[in-house]
Amino acid sequence: DQQVKQNSPSLSVQEGRISILNCDYTNSMFDYFLWYKKYPAEGPTFLISISSIKDKNEDGRFTVFLNKSAKHLSLHIVPSQPGDSAVYFCAASAAAGGTSYGKLTFGQGTILTVHP
Amino acid sequence: KAGVTQTPRYLIKTRGQQVTLSCSPISGHRSVSWYQQTPGQGLQFLFEYFSETQRNKGNFPGRFSGRQFSNSRSEMNVSTLELGDSALYLCASSSGQPRDIQYFGAGTRLSVL
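Residue numbers (my numbering), protein chains in the order written: chain A, 1 to 116; chain B, 1 to 113.
Since the hints were made in silico from the structure, they are not lab data.
Take the hints with a grain of salt, since some may be wrong.
What the hints assert, rightly or not - In silico DSBU-like cross-links for lysine-lysine, where the CA-CA straight-line distance does not exceed 30 Å:
#1 Lys-5/A to Lys-57/B
#2 Lys-13/B to Lys-57/B
#3 Lys-38/A to Lys-13/B
#4 Lys-56/A to Lys-38/A
#5 Lys-13/B to Lys-56/A
#6 Lys-71/A to Lys-38/A
#7 Lys-54/A to Lys-5/A
#8 Lys-57/B to Lys-54/A
#9 Lys-71/A to Lys-13/B
#10 Lys-71/A to Lys-5/A
#11 Lys-71/A to Lys-54/A
#12 Lys-5/A to Lys-38/A
#13 Lys-38/A to Lys-68/A
#14 Lys-57/B to Lys-68/A
Claimed, not checked - Pairwise CB distance ranges (calculated):
#15 Leu-83/B to Ser-52/A: 25 to 33 Å
#16 Ser-27/B to Ala-70/A: 39 to 47 Å
#17 Lys-56/A to Gln-41/B: 30 to 38 Å
#18 Ser-27/B to Leu-11/A: 35 to 43 Å
#19 Lys-5/A to Ala-2/B: 17 to 25 Å
From the three backbone atoms N, C-alpha and C, an ideal C-beta is built for every residue, glycine too.
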């Protein structure tokens, strides 16, 4: 039962253009969402997060959008740079209620390649 | 501020053996979560420790266990290793509060032969 899905295993984008990574979830208890970036031989690095009370959060070149009714979130990277090439994971937690301590549920990841 | 440190980085074991992995969290963090990453299953939550107590557990067999010490360092143990236990084991630390960001270590790559 995959509660967080990233349906695109890979994405290829030209430098300077927008990268859009998508993520869908099924568990309506999820109320906090995060994006991580992972390089080979390193652990995931936190990028940006969003609480379910918001529909958008920005941090520099990164913007995350949340559509609760569709149970869908997306990460926009503008402009994309070759250094952004990595695996991107979306993750979700059911932060409210206190029953999901320390547990993030991850998608399978999307490999982003940004070409110079 | 030092990040999350996992040791060892690489480990080779044979079936039936046991293994212990270590995780030192960011200074001041009291929560440590453990994850298993495999190509087929992705990143799966194992368990979380906070102030030496296991607060949450994922869907893994009892061969997977952990503990946390008073300095918040955590260890994970896998007994009676199986070939399918070959994976990257990641730990993450946080303050333990809801919606706090988890910061990950580089992981321990375990190969079971």
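So, going through the hints one by one against the coordinates:
The straight-line distance between the Cα atoms of Lys-5/A and Lys-57/B is roughly 21 Å, inside the 30 Å bound, and the hint therefore holds. For the given pair, Lys-13/B sits about 25 Å from Lys-57/B by alpha-carbon distance, which is consistent with the 30 Å threshold. As the CA atoms of Lys-38/A and Lys-13/B are separated by approximately 26 Å, the hinted pair is consistent with the 30 Å bound. Between the alpha carbons of Lys-56/A and Lys-38/A the distance comes to roughly 23 Å, so the proposed pair stays at or under 30 Å and holds.
Restraint check: the Cα-Cα separation between Lys-13/B and Lys-56/A comes to about 46 Å, which exceeds 30 Å; the hinted pair is violated. Of the supplied pair hints, the one linking Lys-71/A and Lys-38/A holds, its CA atoms being roughly 24 Å apart against a limit of 30 Å. For the proposed pair Lys-54/A and Lys-5/A, the alpha carbon gap of about 21 Å is at most 30 Å, so the pair holds. With a C-alpha separation of about 29 Å, the suggested pairing of Lys-57/B with Lys-54/A holds against the 30 Å cut-off.
Of the supplied pair hints, the one linking Lys-71/A and Lys-13/B is violated, its CA atoms being roughly 42 Å apart against a limit of 30 Å. Of the supplied pair hints, the one linking Lys-71/A and Lys-5/A holds, its CA atoms being roughly 11 Å apart against a limit of 30 Å. At roughly 13 Å between alpha-carbon atoms, Lys-71/A and Lys-54/A fall within 30 Å of each other, so this suggested pair holds. In summary, the hint linking Lys-5/A to Lys-38/A is supported, as the alpha carbons are separated by about 17 Å, within the 30 Å threshold.
Annotation: proposed proximity of Lys-38/A to Lys-68/A holds, straight-line Cα distance about 26 Å (limit 30 Å). Pair hint Lys-57/B plus Lys-68/A holds up; C-alpha atoms about 27 Å apart against a cutoff of 30 Å. At about 40 Å, the beta-carbon gap between Leu-83/B and Ser-52/A misses the expected band of 25 to 33 Å. Here the CB-CB span from Ser-27/B to Ala-70/A is close to 40 Å, well matched to the stated 39 to 47 Å.
At about 31 Å, the beta-carbon gap between Lys-56/A and Gln-41/B stays in the expected band of 30 to 38 Å. Checking the proposed 35 to 43 Å range against Ser-27/B and Leu-11/A shows it holds: the Cβ atoms sit about 37 Å from each other. Hint check: Lys-5/A to Ala-2/B, Cβ distance near 35 Å, so the stated range 17 to 25 Å is violated.
In this structure, the hints that do not hold are numbers 5, 9, 15, 19, in rising order.
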